[in-house]
Amino acid sequence: MVKRQKVTRGYRIFQVVNAVVLTGVVVVTLYPFLNIVARSFSDHANVVAGKVNLLPKGFNLKAYEEVVSDSLFWTNYRNTLFYTFTATVIAIVLTTCYAYVLSKPQLKGRGLLVGIAVFTMFFSGGLIPNYILVTSLGLKNSVWAIALPNAISVFNLLVMKAFFESLPSELEEAAAVDGLSTYGILWRIVLPLSKAIVATMVLFYAVSFWNSWFSAFLYMDKQELWPVTVYLRNLIAGATSTAFGGNAVTEGAEALQVGATVKAVAIVLTTLPILLVYPFIQRYFVSGVMLGAVKG
Amino acid sequence: MAYQPSRRQVLAAAAGLVALGLAGCGGDDSNESSDLEGKRVGAMEKYGVGDQFKATEALTFSVLYNNHPNYPLKTDWLFWSELTKRTNIKLDPVAVPLSDYEQKRSVLIGAGDAPLIIPKTYHPAENSYVSSGAILPVSDYLDLMPNFKEKIEKWKLQPEIDTLRQADGKFYLLPGVHEKPWADYSLAVRTDILQQLNLQIPKTWDEVYTMLKAMKQAYPALYPFSDRWSKPTPGGPLFGQLGAAWGAPGGWTYQHATWDADAKKYFYTGASDKYKGWVEYLAKLVAEKLMDPESFTQDDDIARQKLANGKSFVISSNAQTLVNDYRKDLAATNPAAKLVKIPQPIGPMGEINPASRLENGIMISTKAKDSKNFVAMMQFIDWLWYSDEGQVFARLGVEGTTMVKGASGQPELSPNVDMVGLHPQAPKHLQKDFGFGNGVFAYGGKPELVQAFFSSEEKEFQAVMNARKQPVFVTPPPAPFTDEEREQATLWETGLKDYVFQQTLKFILGQRPLSEWDAYVTELKSKNMDQYMELVQKAYDRYQKEHG
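Top line first, the protein sequences correspond to chains A and B.
Its first residue numbered 1, the first sequence is counted upward by one per residue in this note's numbering.
Its first residue numbered 297, the second sequence is counted upward by one per residue in this note's numbering.
Hints were generated in silico from the structure; no laboratory data involved.
Treat the hints loosely; a few may be bogus.
Listing some non-contacts, in silico: residues in chain A with all C-beta distances to chain B over 12 Å [what the hints assert, rightly or not]:
id : residue
1  : 8
2  : 18
3  : 202
4  : 216
In the DSBU-like style, the derived pairs of lysine-lysine whose C-alpha atoms are separated by at most 35 Å in a straight line are [as the list claims (entries may be wrong)]:
id : chain 1 : residue 1 : chain 2 : residue 2
5  : B       : 386       : B       : 663
6  : B       : 580       : A       : 140
7  : B       : 580       : A       : 51
8  : B       : 381       : A       : 140
The beta-carbon is built from N, C-alpha and C at its ideal position, and this holds for glycine as well.
One chain only, chain B, in its complex shape (with noise of 0.2 Å):
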């Protein structure tokens, strides 16, 4: 066999190599705002919000290309062509199958051989780079962006922005902004299964508790509820949203450090007891067999074929797994069920919508502010990724080909398009055959146009969702470590991770009795728990003293 290493393997390599051979080239890089001299070439005169950008001159940008198996690349898209069209510069794509994009990408940041734009990072991947002086802070050259700058002022995204800053109080990531927060996952549920049992949909995860139970005592052979993405993560959506509803998420979305609004402090997640009442909770589903103790570890597939077969009537859902996954099984092997995703049940925290209104984003490689076009492409990358147009563009590509304007003058997909099953009778796909739509350009937005996808229970559901607040632990203030801090962090990090991953699962499937979670509690500390908060509280207090 070839040499394989992990991706676990080339990450580190990658990250200490760009740490180590580039730590050099770090270091002052204040004021380069103002020293474009020469770096205009091609650029727009003027350039503000709603102008469109063209390059006074062809250009040609290379961009790293994340390539989806659904819709392989295609140089005869109307997405290049037209955009060549109006703005006058042409993509230069670097093709990474999708399957180990991050690889890819640290390998060629460390190697100095990425391209100039390199979309599709979820923050906090860019913090390895940025020691090494490899990627570009892009909050040094906001002036470039109108549209940027307006979205962020207009939808009040300054402090989800904020969370993006490292210790120096630059960020190096530009996300995606949305102008709603977009939950996607919740749980599904087989309202057939209600309506025989005549009970509402849950509201409260004590409903949902209360459902469940009733579930159980109609079969009592099965556990009504049977989880899945649960690898890596186990529970990882659930444990998220469900952690979210007592303010302490956990899953996916896990973070060491906690922000408590009320405290002015930052809290250790794993530890506290906003954490241990939604693992009690799951605890008690399990002990009364209302949950499948299988859910934290079966594969997807798995849980899906129970699903599938009548063995469970909940799972953890998205808005595509609902629709093309979970509804299409049912239907070939129980016509009769009906599948509801229902909002999120809600907790302690009271009616809360816990997503963050950024995704991920586009980091810009240090060698893009040496070329003389530099100027041109950051114009460029505002129009395509922050303004209406360009947005719009991107997500829905042009009108009369593929897109047609509604009623109230809101751009849609044109009938004779399809994407994710809109109009299956269409002949041709938007992304397949266009281009648009496509995960490496068509990030955020408005509402409006998120949704443009959706199928109308799905707008409901966001609807729902979108009426709730967000809660504070969302946007934290900064509290960014220095580089020998992360170094430190990192270490304490992984064994505190691994350490409170397995106790919930413990705790939760009964193999160890809650009433040990003060002794849990001191386990954690003898992993360096306190010397983490410690350096947390140092990290914001610091900020707060140098950029607050």
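So that you can see chain A by itself, here it is in the shape it has in the complex (with noise of 0.2 Å):
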């Protein structure tokens, strides 16, 4: 097949087809977002009167100065960073140890092993007897509460014991027959092997720790403790519920006025970071999961 293949005048339809319709979807995917960062430097009356699309319409920065000097959302910001690390290298830790040992076939019980984290997937204990574990753990308001228990993904797990099994026995082997032991081959040999599978778990799992709200919200008492994913949410859903909940009396003196721009600034300021990390890990995410899928 060293041949250049002849291009077939379908075949270039296809492509003209294929870039239009991906094209399209970019055009769909990055609109919205591109659309909240020109709201997050236009300014406010623009944003209210719908005028504001793809470029920003006022230029300013007033929203940013607003949110930059809100020493809670710092705070926030910085529980996500440390909330996120923390959780992420906790969870790799446990994931890759437990894929591991499961990829291993001569393991007695291995089936046993396999069932109970399967299980979970199935049937959790809910949301309450979860909360009264949590707290009486000793748990609340603290890291442990967002990272233990979100610490294996079920299906990560599983996507990663696909990958070890394709590894080949025989180097493992030959690396035992040379005096390492099993954490030693676990450590010299499987991982450096593997950094496209760890690459891949740390994007997912960093991801879904950077946007996650609900175990912060549920366990952290202090709003020095949320992460920012919690204080967005109230900035944006908060300005919903009140407007609901104001049929009874009460809000009346509690004007919600979060300006649409404060809101397209947090969000902009939230997503960014996250967004990076993308093109950086990308590459090995591709390889990675086809390995283990394609094998396994």
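Take the two lone chains, each set in its own frame, and fit them into one complex as the hints suggest.
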């Protein structure tokens, strides 16, 4: 197949259609985000009048100044970084260990261990039992409440297990013959060969921890402990729920005047870092998942 | 993604678990008010109306705190320190984001981990916790709350309070109480257009129709009335006030059963002729293209944009959105525009003010009762939420710092402090910098106090509305369900409500002719409407017999 394949007419049409459709998908995906970015730089009047599309109208940085000067925003932001980092590290270590063990066919009780993991995909104790468990373990108001209950995602675990199973066992046997211990094999042989899957898992976990708000909302009783997602949610969803609750007489004195531009700024600042991570991990992402999936 | 159940799931789960897990613990709680031996630590020996509450020793109570994004909780607020100074009580807030307050409240109560004081609860949210025994039947302990009792008596609030009662004749929620009802929502109208068309501000719904008609004539290309607050409940405030004007409120204030004082009976709201009356009215507006058919489905922002861009002239409004949203928008897009919130137009019910005098209130965890400081806590709650001094303190703060006395000795906001844009030049903000005027602690009160932050035009609006009388359907006689009945009723209600709301829209939008109204009522019957009303009647009769 060294010879260049002749490009047929049909193939060219296919490519054009492909390009058009995919460009459409790109536009649909990018537009909302660009619109939010444009709003964040626009002045309030243009935003409420619905005049801002792709480019800012009445360019200014006032909303940025407002958000940046809110110390709570930065406290929460720092929390998000910390929670994401800690939780991802824990999740990666635990998932890797579990998956590696499960990938060994000679392991006794392997079926049971897989079963335990898969069981949790179909059945969970439910919200309040979980809450009581976490609370009575004394994890409340600490990063452990976020990191530990979500440390192993069964889906990620199974993907990783499939990947490890695809590694040639001869490599490990050779390493064993040369005198490496079990942990040595994992650390020196298996993991260096598994950068792709580990990077993918880091991405999966980091994104999910970055985006998550629910466990923090549930287990954190002080606003200084909230991640920025809760801050953002309160800012945005709060506006709607007050308008609704407003039929009861209370809210009168509590103007919920979160400017549309401020919302946009908070969204931009919150999503930007995690978006920036994607391009760098993307290359592992494709090869990593494919390897596991095809050979598993 | 982490596990993120919907709010509905969580509520259902929480309520269910509460019921399951704790059902055994409920039961006999009669005679408890006399059984306060050993629970008076820190309480005042003699505490009555006009007394400043001060605990005899320093105490701390936990409180669920609804954290508002506009004034996030600060521990150095004057509110906390001054409160401790005056009452010897320290509050320990459990901060919950406002966006998901109800959800966390459910989980905390369900898990038995709730703070002692649980404010910002809107009736009937407390119903789901009653059977579990997790919250206190506060009506048993009113003797500890002299200010609350006095306000009920002086302001003749008993009929309103009775609407909170459960099947056991007790109530579980201490509501915020107003001396006068506070109608917040009405229509905002572009008065510069009225002037241009030589029209008066409409007083009745018929005049609203005439006005819209004239607007349409002058501007045939647009819909003069395009409304908002339609998500998740279509026509939230509009169906409410329009329905009230006809005697059968819809939207946010929809109740399945409405009280008919003449017949001394409940009737099913969504099937009544009164309900049909306003639906017909709106259908006419839509059919004659006076009202934007998108009113009932569009996002608030879209409705706002239409108004801001002169594509509509009338919209639902409350005092806040008028000043903060619409006028600000219009000032940017069309400085010549004038927008006014008109007194609620009058319908067949005559001059009424359908607003309730109760607002969101406080639940108390049953755990509090076991505390040796129980009496002190009740006295404290009574002082902070129900005494005149406590109410002024919570709303306006400390004299000389955030509050000044006006010419008539009336407490007013200090000119050095801003609130809802009253003193825009002031360096500090009442809520953000001092923690007063906080929705968690400032409920109700005398009209002067409630209106302390109102502009003069809003006060005028209130004066007009307060001159009107309260319609009977606001204070229906109690007809509380038992637990089993409520379970059954909730099942029926869900189906009925969905159907009523859906068909209401179809009638209004002209997708279903009003000539099919009778067929619609028959369809409601097939959804157990009659059985439901029998249940209501049974509950009413039983309550009359046992507690009436």
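Right, here's what the structure says about each hint:
no.: 1; hint: 8; verdict: 43 Å, holds
no.: 2; hint: 18; verdict: 30 Å, holds
no.: 3; hint: 202; verdict: 16 Å, holds
no.: 4; hint: 216; verdict: 9 Å, violated
no.: 5; hint: B/386 - B/663; verdict: 18 Å, holds
no.: 6; hint: B/580 - A/140; verdict: 57 Å, violated
no.: 7; hint: B/580 - A/51; verdict: 33 Å, holds
no.: 8; hint: B/381 - A/140; verdict: 31 Å, holds
Comparing the model with each earlier hint shows violations of hints 4 and 6; every other hint is respected.
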